[in-house]
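Participant: Got two chains here, separate frames each, mind docking them using the hints?
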Amino acid sequence: MTDAFLTPGQVAERFTARFGAGVHGTRIGERREGKKKEPNYNIWIDLERDLLKPAIRVLMELDYPHLSVISGSDMGDSIRLLYHFSLYYGRVKGEYTVTFSVLLPKDDLTVPTISDLIPGAVFSEREKQEFLGVKVSGIPDGRRLFLPEDFPEGIYPWRRDDTGIPDGMVKDLWASKRPADRPAPPLPEAPACEPDKEESTPSPAGREHGKEGSQS
Amino acid sequence: MSDESKKAPYIVPIGPNHPALKEPVMFTFEMEGEVVREVDFAPGQAHRGIEWMGMRRNPVQIVHLTDRICGICGVSHTLAFARAVEQVAGIEVPERADYIRTIIAEFERIQSHLLWAGVAAHELGFDSLLHLTWKVREQSMDVIENLTGNRVNYGIVQVGGVRRDIVLEQHPIIDDCLGTYEGLLGKLLSLFLDDKTITMRCRDCGVLSKKEALELCTVGPTARASGVNVDLRQDYPYAAYGDLDVRAILPEQHMGETHGDVYDRIVVRLLEVGQSCQIIRQCLSEMPAGPVTAEEKLAKLLAICKKAQGEAIGRVEAPRGECFHYVRMDGKDAPHTWKVKASSYSNLMSWIPMLRGEQIADIPIIIASIDPCLSCTDRIAVISHGHRSVLAKEDLHRLSVEKTRRLQR
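Chains as they are written, first to last, in my numbering: chain B, 103 to 318; chain A, 165 to 573.
Errors might be hidden in some of the hints.
Stated by the list, open to error - Over 12 Å on every C-beta distance to chain B, these chain A residues come out as not near it, computed from the model:
1) I175
2) E196
3) V199
4) G213
5) L293
6) K299
7) D339
8) Y345
9) Q439
10) N511
11) V565
Unchecked claim - Below are the DSS-like pairs computed for lysine-lysine, each with C-alpha atoms no more than 27 Å apart in a straight line:
12) B/K208 <-> B/K138
13) B/K195 <-> A/K375
14) B/K237 <-> B/K208
15) A/K374 <-> B/K208
16) B/K237 <-> B/K155
17) A/K496 <-> A/K464
18) B/K195 <-> A/K374
19) A/K375 <-> B/K155
20) A/K374 <-> B/K155
21) A/K299 <-> A/K360
22) A/K471 <-> A/K461
23) B/K139 <-> B/K195
24) A/K374 <-> A/K360
25) A/K464 <-> B/K137
26) A/K496 <-> A/K471
27) A/K470 <-> A/K496
28) A/K375 <-> A/K351
29) B/K139 <-> A/K464
30) A/K375 <-> A/K299
31) B/K137 <-> B/K195
32) B/K273 <-> A/K461
33) B/K208 <-> B/K155
34) A/K461 <-> B/K137
35) A/K461 <-> B/K139
36) A/K471 <-> B/K139
No wet-lab data here; the hints were simulated from the structure. The beta carbon of each residue, even a glycine, is placed where N, CA and C say it ideally should be.
Bound-form chain A, shown alone (with noise of 0.2 Å):
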């Protein structure tokens, strides 16, 4: 920062601690008045060379370190990664395992869904709401818990199928759990779009348009609420995901109208909570029986993993949108390339036409509008970044929430 930044416009610096989510990331704000003219962004602060890792290790080893890609969709990197593996080495998985693949997977977007939608109200100023959201988001991580063993890095997906069974038993809790989420959805769905100041806070603020959304590459809900009918698991079969019949959320059709506004974003994702009550339910009535995986031993799995040769994709729809992993095998233990795609990664770039010309208070909604996830887009340790005056978060979110109580008056 040199002399001239006394003069307007002012730059801002926000970071590498993250103004909204507690993620890391650098931004650089290009400020005139309350007005945000340009921005910029350095990820990376968070990145732990995990492709690096992979490529000195083998398959099963691997399976367990794409659960800690990310603290929240863990499955989905798993997932992702193991079906890549399975198309290499032509292991067929088994369809009972294509089913609790789905339903771990749904689960995983119950429970990141509620988890942002609880950040998102934190960050407005509407805390009751955060505890509410948190509150019910507890039952599906018990869920996971009683399925998976963990409530976090599940630890279930293996190349070839899935480590645990679904027995019979466990079919009252999971329905019990979803009777609580389609019962409270209607409160949740009021309480958050019929709000007249959560209205006017996320109401064409941060908007992408349908053109900027496709121009950059951007996916998930982020997409769809600025009209892009993309949904992978509409798109693209993958595990029960054929058998379904699931259809991409769009705002228009529950809303009437696209304005690619964090308040659809808001819409898109919550309606995705009730979608993915259905897809359980359906899963767990259409479940065939059989064995779960198609190599219960490590040693013969390993075996025809070493053989594999060829390269393949694996994408998954996770709760952000489209994860990819690149596989490359050569007849080695460890594969020859391996290339992480998480959701996030495609769509940080929405961050700059979103931001341009809102206002400094709508900064943290708009960043955590599109639910970004820095451990899965970053993946090295970090020396920390110069000496710059940097606006802290808690400063922004007293901005935030005075923006709010303000327009209560």
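Same shape as in the complex, but just chain B (with noise of 0.2 Å):
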């Protein structure tokens, strides 16, 4: 651990610096907000697969990292697994995030364990194991997590493919009527209100996502 802190630029530097074109690009977001638009800063490096364990050994170098959770896109050909880390933490207002992002082509969905460098990465990999179909190689823990004993196997609720969610799988509860089967209510039901007609201003665009949503 180096007593020095980094600028975010310089941090970005250094993985440039040692990985040359195993990083293929990197970039410092900046937002600034409140009064005295103090600014935060993320950082962000796309990496070769093979380099994210290097890579969280250098940022381990400099400070024990803090893993926030790894997120992750189906990008089409390609699932994209990030890293979310923060470095600097306990410094007044000196904190950055580190995201790592790495594509994993959709006919090899393999990627390390970061789990015996940072014990708590076990929790959000076996979510990505089940939420995206990746393969999380030597995972001390590779049960499932979030999903019930009885999901089937083989589909992914976050995938974009064929693989994802099937319609049959999605109860559409907004369209569900009173059950048949069960004694009148004490009071006569209200009539349904008609959506289309109540909502005059909002956009277009908003309903028609609640379509998309009913049928994918």
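Facilitator: Take a look at the structure:
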């Protein structure tokens, strides 16, 4: 661990200097809020998959990184995993987030576990396995985390391809009517409102979206 | 369970009804006599698939979904999500809105910590203290209702700002509430911290070392009680916190040492109630004038969001720690990707080292001590588990109360 704190630019540079072409791109986001407009920084680094663990080791030279979570997107022909870390917590107004992103092609969705470096990562890695269908090699505990035990194999809720949630699994509660096998309510029910007539100003975009939601 | 379970160590399943809070999580304890040897847990009993729903809705709709992720920290999730979308879409939030967001977030912390203190007292068998804390908590709920219109799902944060202003007539109501809490804090501190039985039950019970807290990615009061100096309000300026001078509350500042036990978690949370009162006072006196939202018209706001492309992180210090939202938008109505990381998500792993080696009667208070919020962490309706012999919450609670009574004798 070094004593001097690096600036966000220097943090990004350290990775480009160390890994050269293995770093596909870096970006530093800055956001200022409140009256004094104190900045907070978010560093984004796109990496080659093989460099994920070496990069985390470089990060650990700076500070023991806090892993917030691993998030992931289905980009079509690949899955993009994002490892969100933060650095220099405890330093007043000096914490940065550092996000490493790696692309996994859909014909080879394996990524090494990082739980040997950061034990708390298992939780998030288990979630990525069940929700995105990636394979975390070397994971000490590969069980499901949130999905129920009888959830079908081979369906990954966050995928945008054929392995995503099929239409048949979606229950449109908004479209459900009063069950026919119940006794009549003590008071007569008010007539159902017509959502289309009520919504005069809001964007048509929003409504389109609701429809899309019910289909996909 | 096979015949093996008749021999020691015994396997004791607890849940999916939560043994301490009324929160669903399935625990499996490997017991040796009264002592917990190994722990395993299975969350997901309250997973509702909110991220999946959100990826099929537009940001203005999602804001009302995020309010409902959690019944306690409604504003934290919405604020984290709104901050992420604002960064992607390049929306500048008016300064006054930053202050109002901060005030609501701090009231949320006050009511959450008081709720937790009551639960902790109940788990220990001090129901009179539970009634006191929950009675005084009502005043903060009333103020929240006055400010936002709702007690629980506040519906105040919108992308680009807030939906209601705080007017001058509301200041005395807020002042009155803060005065009550500032006057009460000393009493609460002495009731909790000077009580001999609470000290005996909580000191060096459920210990989480600083090293474990770091390695397991723990956040919020749970991490701070183990001596990790981490508080987003101090480290990572957002909303009005960059203008204020917030410092993380660590047990060693107040107690002179850090044990990382249940007692320290009580210390941190109670002192944070006082800190929140100060923050609200400062915000009220320094609040700038001006509009409270960047774009009042929802149709225009949606058009801005629809054009947005890119990705961003929104982080907020929720009552239980870091609340983290990642949003990726690619020029459609709905975000391409949305990931919610609630604060309890990061804290659950810490149960394992805390519970190992502890007594069965201490299980409820240790589980409650991280202030778990499963509706945040889990997000699908559930199929009930098989038929296992389950030690019900009432049994555990009885054991915990009995231990307290034994100590009092």
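Participant: Decide, hint by hint, whether the structure agrees.
Facilitator: Status of each hint after checking the structure:
1. Here A/I175 stays apart from chain B, with its beta-carbon at least about 17 Å from theirs, past the 12 Å limit.
2. Every Cβ of chain B is farther than 12 Å from the Cβ of A/E196; the closest lies at roughly 22 Å, confirming the non-interface assignment.
3. Every Cβ of chain B is farther than 12 Å from the Cβ of A/V199; the closest lies at roughly 23 Å, confirming the non-interface assignment.
4. Distance check on A/G213: its Cβ comes as close as 6 Å (rounded) to a Cβ of chain B, failing to clear the 12 Å threshold; non-interface status is violated.
5. No beta-carbon of chain B comes within 12 Å of the beta-carbon of A/L293; the shortest separation is about 33 Å.
6. With a least CB separation of 35 Å from chain B, A/K299 remains clear of the 12 Å interface cut-off, as annotated.
7. No Cβ of chain B approaches the Cβ of A/D339 within 12 Å, the least distance being about 22 Å, so the stated non-interface status holds.
8. A cut-off of 12 Å between C-beta atoms confirms that A/Y345 is not in contact with chain B; the least separation is 24 Å.
9. The non-interface label for A/Q439 is consistent with chain B: the shortest C-beta to C-beta separation is roughly 15 Å, beyond 12 Å.
10. Against the 12 Å criterion, A/N511 falls within the reach of chain B, whose nearest CB is about 10 Å from its own CB.
11. Chain B leaves A/V565 outside its interface by the beta-carbon criterion, the shortest separation being 32 Å against a cut-off of 12 Å.
12. Of the supplied pair hints, the one linking B/K208 and B/K138 is violated, its CA atoms being roughly 46 Å apart against a limit of 27 Å.
13. The suggested pairing of B/K195 with A/K375 holds, with an alpha-carbon distance near 23 Å, which does not exceed 27 Å.
14. Restraint check for B/K237 and B/K208: the C-alpha separation of about 11 Å stays at or below 27 Å, so the hint holds.
15. Distance restraint check for A/K374 and B/K208: the Cα-Cα separation of roughly 39 Å exceeds the 27 Å cut-off, and the hinted pair is therefore not satisfied.
16. At most 27 Å may separate the alpha-carbon atoms for a hinted pair to count; B/K237 and B/K155 meet this at roughly 16 Å.
17. This hinted pair checks out: A/K496 and A/K464 have alpha carbons roughly 15 Å apart, not beyond 27 Å.
18. For the hint pairing B/K195 with A/K374, the CA-to-CA distance comes to about 22 Å; that is within 27 Å, so the pair holds.
19. Of the pairs offered as hints, the one joining A/K375 and B/K155 holds, with about 21 Å between alpha carbons and a cut-off of 27 Å not exceeded.
20. Using a Cα cut-off of 27 Å, the hinted pair A/K374 and B/K155 holds, with the two alpha carbons roughly 24 Å apart.
21. For the suggested pair A/K299 and A/K360, the alpha carbons sit about 24 Å apart, so the restraint of at most 27 Å is met.
22. As the CA atoms of A/K471 and A/K461 are separated by approximately 16 Å, the hinted pair is consistent with the 27 Å bound.
23. Between B/K139 and B/K195 the alpha-carbon distance is near 12 Å, which keeps this suggested pair within the 27 Å criterion.
24. In summary, the hint linking A/K374 to A/K360 is supported, as the alpha carbons are separated by about 26 Å, within the 27 Å threshold.
25. The straight-line distance between the Cα atoms of A/K464 and B/K137 is roughly 26 Å, inside the 27 Å bound, and the hint therefore holds.
26. For a cut-off of 27 Å, the pair hint linking A/K496 to A/K471 stands: about 7 Å separates their Cα positions.
27. Of the supplied pair hints, the one linking A/K470 and A/K496 holds, its CA atoms being roughly 5 Å apart against a limit of 27 Å.
28. Distance check on the hinted pair: A/K375 and A/K351 sit about 33 Å apart at the alpha-carbon level, beyond 27 Å; violated.
29. Using a Cα cut-off of 27 Å, the hinted pair B/K139 and A/K464 holds, with the two alpha carbons roughly 26 Å apart.
30. A distance of roughly 38 Å separates the Cα atoms of A/K375 and A/K299; the hinted pair therefore is violated under the 27 Å criterion.
31. Simply put, B/K137 and B/K195 have alpha-carbon atoms about 15 Å apart, close enough for the 27 Å limit, and the pair holds.
32. Among the hinted pairs, B/K273 with A/K461 is inconsistent with the structure: their alpha-carbon atoms are about 32 Å apart, more than 27 Å.
33. The straight-line distance between the Cα atoms of B/K208 and B/K155 is roughly 20 Å, inside the 27 Å bound, and the hint therefore holds.
34. In summary, the hint linking A/K461 to B/K137 is supported, as the alpha carbons are separated by about 24 Å, within the 27 Å threshold.
35. With a CA separation close to 26 Å, the supplied pair A/K461 and B/K139 stays within the 27 Å bound.
36. Simply put, A/K471 and B/K139 have alpha-carbon atoms about 26 Å apart, close enough for the 27 Å limit, and the pair holds.
Hints 4, 10, 12, 15, 28, 30 and 32 from the earlier list are contradicted by this structure; the remaining hints agree with it.
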